[in-house]
Amino acid sequence: MALVTLTIDNRKVSAEEGQNLLQVIREQGIDMPTLCHLDGLSERGGCRLCVVEEEGSSKLLASCVTAVRENMRVTTGSDRLFRYRRMLVELLFAERNHVCSVCVMNRRCELQSLALRFGVDHLRYDPLYPRLSTDVSHEKYALDHNRCVLCARCVRVCDEVEGVHTLDMMGRGVSCRVIADLNQPWATSRTCTNCGKCVQVCPTGAMYIKETFSAHGEKRPDLPKRIRDGREKHTWGG
Amino acid sequence: MSSAASKKIRLATVWLSGCSGCHMSFLDLDEKLLELHEHIQLVHGPLVDRKDFPSDVDLVLVEGAVNNEDQLEMAALLRKGSRVVVALGDCAVMGNVPAMRNGFHAGNLLEAVYAPEGEKEPPGRDSRGEVPMLLPAALPLHAVIPVDVFLPGCPPDARTIGAALTSLLKGERVVLGEGMCRFG
Numbered sequence: 010m011a012l013v014t015l016t017i018d019n020r021k022v023s024a025e026e027g028q029n030l031l032q033v034i035r036e037q038g039i040d041m042p043t044l045c046h047l048d049g050l051s052e053r054g055g056c057r058l059c060v061v062e063e064e065g066s067s068k069l070l071a072s073c074v075t076a077v078r079e080n081m082r083v084t085t086g087s088d089r090l091f092r093y094r095r096m097l098v099e100l101l102f103a104e105r106n107h108v109c110s111v112c113v114m115n116r117r118c119e120l121q122s123l124a125l126r127f128g129v130d131h132l133r134y135d136p137l138y139p140r141l142s143t144d145v146s147h148e149k150y151a152l153d154h155n156r157c158v159l160c161a162r163c164v165r166v167c168d169e170v171e172g173v174h175t176l177d178m179m180g181r182g183v184s185c186r187v188i189a190d191l192n193q194p195w196a197t198s199r200t201c202t203n204c205g206k207c208v209q210v211c212p213t214g215a216m217y218i219k220e221t222f223s224a225h226g227e228k229r230p231d232l233p234k235r236i237r238d239g240r241e242k243h244t245w246g247g
Numbered sequence: 321m322s323s324a325a326s327k328k329i330r331l332a333t334v335w336l337s338g339c340s341g342c343h344m345s346f347l348d349l350d351e352k353l354l355e356l357h358e359h360i361q362l363v364h365g366p367l368v369d370r371k372d373f374p375s376d377v378d379l380v381l382v383e384g385a386v387n388n389e390d391q392l393e394m395a396a397l398l399r400k401g402s403r404v405v406v407a408l409g410d411c412a413v414m415g416n417v418p419a420m421r422n423g424f425h426a427g428n429l430l431e432a433v434y435a436p437e438g439e440k441e442p443p444g445r446d447s448r449g450e451v452p453m454l455l456p457a458a459l460p461l462h463a464v465i466p467v468d469v470f471l472p473g474c475p476p477d478a479r480t481i482g483a484a485l486t487s488l489l490k491g492e493r494v495v496l497g498e499g500m501c502r503f504g
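Taken in order, these protein sequences are the chains called A and B.
The opening residue of the first sequence carries number 10 in my numbering; numbering runs sequentially from there.
The opening residue of the second sequence carries number 321 in my numbering; numbering runs sequentially from there.
One chain only, chain A, in its complex shape (with noise of 0.2 Å):
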C-alpha cells in the first residue's frame, strides 16, 4: 500500500493512500467530535462535526468523508471550527425537543455531552418545538423522534450489521424522520428481527428500551465494531 504523508496541526504524519482522514486525525491521539460515526458502520458525513480546514480552500471538509491526499495541509481545531461545531449542537437542540431531565438517556446521552463540551449553557437560535410522535407499538423497544438528530447510525447498523434494512428514513430537512418498513408501525414490521442493535447504537434517547427509567439508559455503541471484527478478522476483543 502506497504512503501519503500529509500535514495535522502542523505535524507531519503518513498514512496509507485513500485512508479516512477522520482515522489518521484519531490516530494522532486527537479527540475530534463526531456524533454519526461510529466504528464498524459506514461513513455519512451528516453531523458535520469532525470538519477540519484544509490550507488553501475555503471550505469545510468532513474528515470522515475525506481520503488522505499527499501534502495536505490540514487544521482541526481552530476557532472558527470550535465556533461551528458548537453552532451544529446548538441547532440539533433547536430542531426537535430535547429534554434532558426527563430523558432516559440523561447524563449518558452523546448530544448532551456535546453540549458540555463545546459549553453550551443555552440556545442562541429560537427552538421549533415540532409536534412528533413516539412510537411505542414494538414490545420491547421504543423510538421517540423527538430525540432523534438523524445520525442514522440506527438505519446503517441495521442494514450493515443485522443485514434487514428494516429503518431508513423518509422525507427531507425538518420533516425527515426514521421510519420501520414502508413508514408503518414498528410492531407491524415484518423485516425486524427484534436485535436491539438500533437502541445499543443510538446516541440519544430517542431508541430506548421500554420501561427504562429516566437516566437510567445504557447503550453499547461498541457493538458494529465487535460484531464485525468477529466476523471479518475472526477477533474477539473486548
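Be a bit skeptical, because a hint or two may be false.
To be verified - Partial chain A-side listing against chain B, Cβ under 7 Å, derived:
#1 L125
#2 H131
#3 L132
#4 Y138
#5 R140
#6 D144
The set of hints was computed from the structure by calculation and includes no laboratory data.
Even for Gly, the Cβ is constructed at its ideal location relative to N, Cα and C.
Since the structure of chain A is already known, use the hints to place chain B on it.
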C-alpha cells in the same frame, strides 16, 4: 439602614414556571449560606415576605420559564430593577419541562385539561380573568429579556450555584468548573 448593611450585595430570587427545585438546590448550599449571608441581603423572592420587586437589586436568580402574562411582566420588572440577571436552571435557560407544551395550541390545551366537557371557560385563556393568561409558548428567559449569566441544570447543583455566586459577588465573570455547565 446601617452602613454595613448598605454595602451588602442586594440579592433577589424569582420563581416563574418551575418546580422550585432550583430554589431547593440554592438552599442545598447549607452552611455556605451562612458565609453568603455575610455578603448579601436577600431583598425579594419566595423566601422573603415582600410582594413588589425592588428597584435597586444587584443580582437576581431567576428560576423557571416565562409561561404567562404575569411572568412576562415580572421578567421586564426584574430586568429593569437589577444589574445582573442570572437564568437559573434548565426551565429559565431553555424552557425544559414547561416548554413541552409548546407543540400544542395553548387555548386547546387549557380546554383539554381544565374544561374537557366544554361546559365552562377554562382559566388562563382570557386576560381579564383571575388566572393570568397563558402565553402561546413557554419561553426561556433570554427570549424576553437580556440575560447576563446562564446556569443550566435540572436543577443546577448547589456547588454550581455556589461557584457562580462566589464569582458574581466578587464582580468577576462566571467561569464554571469541569462538568458544571450541563443540561439535565
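Which earlier hints can't be squared with this structure? 6
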